[in-house]
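*Asks:* Could you build the full structure based on these sequences and the hints that come with them?
Here the numbering used here is used: position 10 in the sequence shown is 10, and no number is missing along the way.
Treat the hints with care, since some could be wrong.
Cross-link-like lysine-lysine pairs, in silico, DSBU-like; alpha carbons within 35 Å at most [to be verified]:
| no. | residue 1 | residue 2 |
| --- | --- | --- |
| 1 | Lys312 | Lys163 |
| 2 | Lys408 | Lys159 |
| 3 | Lys325 | Lys163 |
| 4 | Lys163 | Lys146 |
| 5 | Lys461 | Lys159 |
| 6 | Lys325 | Lys159 |
Quick list of simulated restraints, FRET-style, between CB atoms [said to hold, decoys possible]:
| no. | residue 1 | residue 2 | range |
| --- | --- | --- | --- |
| 7 | Glu129 | Arg386 | 43 to 49 Å |
| 8 | His58 | Glu129 | 28 to 34 Å |
| 9 | Glu129 | His265 | 28 to 34 Å |
| 10 | Pro244 | Arg402 | 44 to 50 Å |
| 11 | Ala454 | Arg251 | 56 to 62 Å |
| 12 | Arg27 | Arg390 | 43 to 49 Å |
| 13 | Thr392 | Arg254 | 51 to 57 Å |
| 14 | Gln450 | Ile255 | 55 to 61 Å |
| 15 | Arg119 | Gly28 | 44 to 50 Å |
| 16 | Gln107 | Arg390 | 37 to 43 Å |
| 17 | Arg106 | Asp35 | 51 to 57 Å |
Derived from the structure by calculation, the hints contain no laboratory data.
Ideal Cβ placement from N, Cα and C applies to all residues, glycine included.
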Amino acid sequence: MPRRIPGQELETIIAAVAHRPGGVNARGIAQALGDKLPFRTLQYRLKFLVDDGRLAKHGEGRWAMYRLPAVEERGALIAEPAQLEAQGKTAVPVSPAGEDIRAYLRQPATGRKPVGYNRAFLDAYRPNETFYLSTSERAHLADVGKSDFEAQRAGTYAKQILKRLLIDLSWNSSRLEGNTYSLLDTRRLIEFGEEAEGRDPLEAQMILNHKDAIEFLVSTAEEIGFNRYTVLNLHAILANNLLPDESAAGRLRRIAVGIEKSAFHPLEVPQLIEEYFEQILDSAAAIENPFEQAFFVMVQLPYLQPFDDVNKRVSRLSANIPLIKGNFSPLSFTDVPRDTYTEAVLGVYEMNRVELLRDVFIWAYERSAARYAAVRQSLGDPDPFRLKHRETLRTIVSEIVRAGMDRKSAAAHIASWTQAHIDPPDRERFREIAEIELLALHEGNFARYQIRPAEFQAWRKVWT
Numbered sequence: 001m002p003r004r005i006p007g008q009e010l011e012t013i014i015a016a017v018a019h020r021p022g023g024v025n026a027r028g029i030a031q032a033l034g035d036k037l038p039f040r041t042l043q044y045r046l047k048f049l050v051d052d053g054r055l056a057k058h059g060e061g062r063w064a065m066y067r068l069p070a071v072e073e074r075g076a077l078i079a080e081p082a083q084l085e086a087q088g089k090t091a092v093p094v095s096p097a098g099e100d101i102r103a104y105l106r107q108p109a110t111g112r113k114p115v116g117y118n119r120a121f122l123d124a125y126r127p128n129e130t131f132y133l134s135t136s137e138r139a140h141l142a143d144v145g146k147s148d149f150e151a152q153r154a155g156t157y158a159k160q161i162l163k164r165l166l167i168d169l170s171w172n173s174s175r176l177e178g179n180t181y182s183l184l185d186t187r188r189l190i191e192f193g194e195e196a197e198g199r200d201p202l203e204a205q206m207i208l209n210h211k212d213a214i215e216f217l218v219s220t221a222e223e224i225g226f227n228r229y230t231v232l233n234l235h236a237i238l239a240n241n242l243l244p245d246e247s248a249a250g251r252l253r254r255i256a257v258g259i260e261k262s263a264f265h266p267l268e269v270p271q272l273i274e275e276y277f278e279q280i281l282d283s284a285a286a287i288e289n290p291f292e293q294a295f296f297v298m299v300q301l302p303y304l305q306p307f308d309d310v311n312k313r314v315s316r317l318s319a320n321i322p323l324i325k326g327n328f329s330p331l332s333f334t335d336v337p338r339d340t341y342t343e344a345v346l347g348v349y350e351m352n353r354v355e356l357l358r359d360v361f362i363w364a365y366e367r368s369a370a371r372y373a374a375v376r377q378s379l380g381d382p383d384p385f386r387l388k389h390r391e392t393l394r395t396i397v398s399e400i401v402r403a404g405m406d407r408k409s410a411a412a413h414i415a416s417w418t419q420a421h422i423d424p425p426d427r428e429r430f431r432e433i434a435e436i437e438l439l440a441l442h443e444g445n446f447a448r449y450q451i452r453p454a455e456f457q458a459w460r461k462v463w464t
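*Replies:* Written out as structure tokens, the structure is:
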């Protein structure tokens, strides 16, 4: 009978490969392991991992290189999203399992099977034994999310990028709820307290609540965790002035709720909601891997619907708790399409399947980590959408600067200019990128817009 290979030995080899996302040969792996494993034994272990699908191999003999299969699979899914982005649409690379979920959800809600809360889905999860993210996926996320602050106090990295994080996460999380504020509107609201004209005051309240919630997590990074204090207060901050019953902010649900356009019917018994909420917190707190923790709460908190409303917002910010505490890059949901995220959550609600949400989570984290930590090389070729609109972006930015527009006037000008000059499918993304270009304008890059120094200096005084 063949001798069983120690699982820890295999995990150590996978971890060594994960630290070299570009690939590494057997000699490099041996050196990473401190040459503790006989080389012939290492070769057998590598063959076993490749045959088992846990590593990918390229080349033969001494030239053979090993990589994580998660990186291989995700690389193979880039072609279609690149084509969509050329059309002005952001696309998440979706796995075959994720596409299967989407196919089911494309049916009208009335044609899908009505389902209620399934406790077995939660009970089946055993912290550090059950995993929603594979070994290679966890290693990959740790590699792209690591920072130079790992040994520092909890929250050090988030504090370094707090100004940018407040705007990005507040805007993106609110956008996923249907909030219509633009990026510039959001920045003006957060930095200057100026509400956008013609918008529902509830939209401003939603964004400001996100700002307060992020500041709460970062300022108390050493004290927060998956416990009642943190999650109930997080809900109270995010729900402030948004619920019909203000006393429901920070309190577990006592009423029945429905999910729009879904065949899922959430749990209605308050005592069970309390019990399962505690079980979710206990399980999350027991998980050792920060990325598994983050994804677990993104799956289980919205599924339970423990609050009257604002459940998905709580889950998105709760996902950042282990990342902030561990000084990893935070997750700001940059570029995540609302429809894809909604389908992913519905896949959990109606099918108890996490694959599509996992696709979104991994892709979104890669984008966020690249934005903040710059720990990896560029993710690919120049953005085809920016390339397509290069001249029009230069035109609108230079017009705003030469006209000496302030933030409020610039936002209005971009909106009207986009409506008049950009094709409908491209308008939303063009407006977003134009705003990003303006926000990134400084004394070291304005010349690329054919702006003279005197024009930039005059505009800068108005802008700031």
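*Asks:* State for each hint whether it applies.
*Replies:* Here is what the structure says about each hint:
{"no.": "1", "hint": "Lys312 to Lys163", "result": "holds, 23 Å"}
{"no.": "2", "hint": "Lys408 to Lys159", "result": "holds, 28 Å"}
{"no.": "3", "hint": "Lys325 to Lys163", "result": "holds, 18 Å"}
{"no.": "4", "hint": "Lys163 to Lys146", "result": "holds, 20 Å"}
{"no.": "5", "hint": "Lys461 to Lys159", "result": "holds, 27 Å"}
{"no.": "6", "hint": "Lys325 to Lys159", "result": "holds, 11 Å"}
{"no.": "7", "hint": "Glu129 to Arg386: 43 to 49 Å", "result": "holds, 45 Å"}
{"no.": "8", "hint": "His58 to Glu129: 28 to 34 Å", "result": "holds, 32 Å"}
{"no.": "9", "hint": "Glu129 to His265: 28 to 34 Å", "result": "holds, 30 Å"}
{"no.": "10", "hint": "Pro244 to Arg402: 44 to 50 Å", "result": "holds, 48 Å"}
{"no.": "11", "hint": "Ala454 to Arg251: 56 to 62 Å", "result": "holds, 58 Å"}
{"no.": "12", "hint": "Arg27 to Arg390: 43 to 49 Å", "result": "holds, 45 Å"}
{"no.": "13", "hint": "Thr392 to Arg254: 51 to 57 Å", "result": "holds, 53 Å"}
{"no.": "14", "hint": "Gln450 to Ile255: 55 to 61 Å", "result": "holds, 59 Å"}
{"no.": "15", "hint": "Arg119 to Gly28: 44 to 50 Å", "result": "holds, 47 Å"}
{"no.": "16", "hint": "Gln107 to Arg390: 37 to 43 Å", "result": "holds, 41 Å"}
{"no.": "17", "hint": "Arg106 to Asp35: 51 to 57 Å", "result": "holds, 53 Å"}
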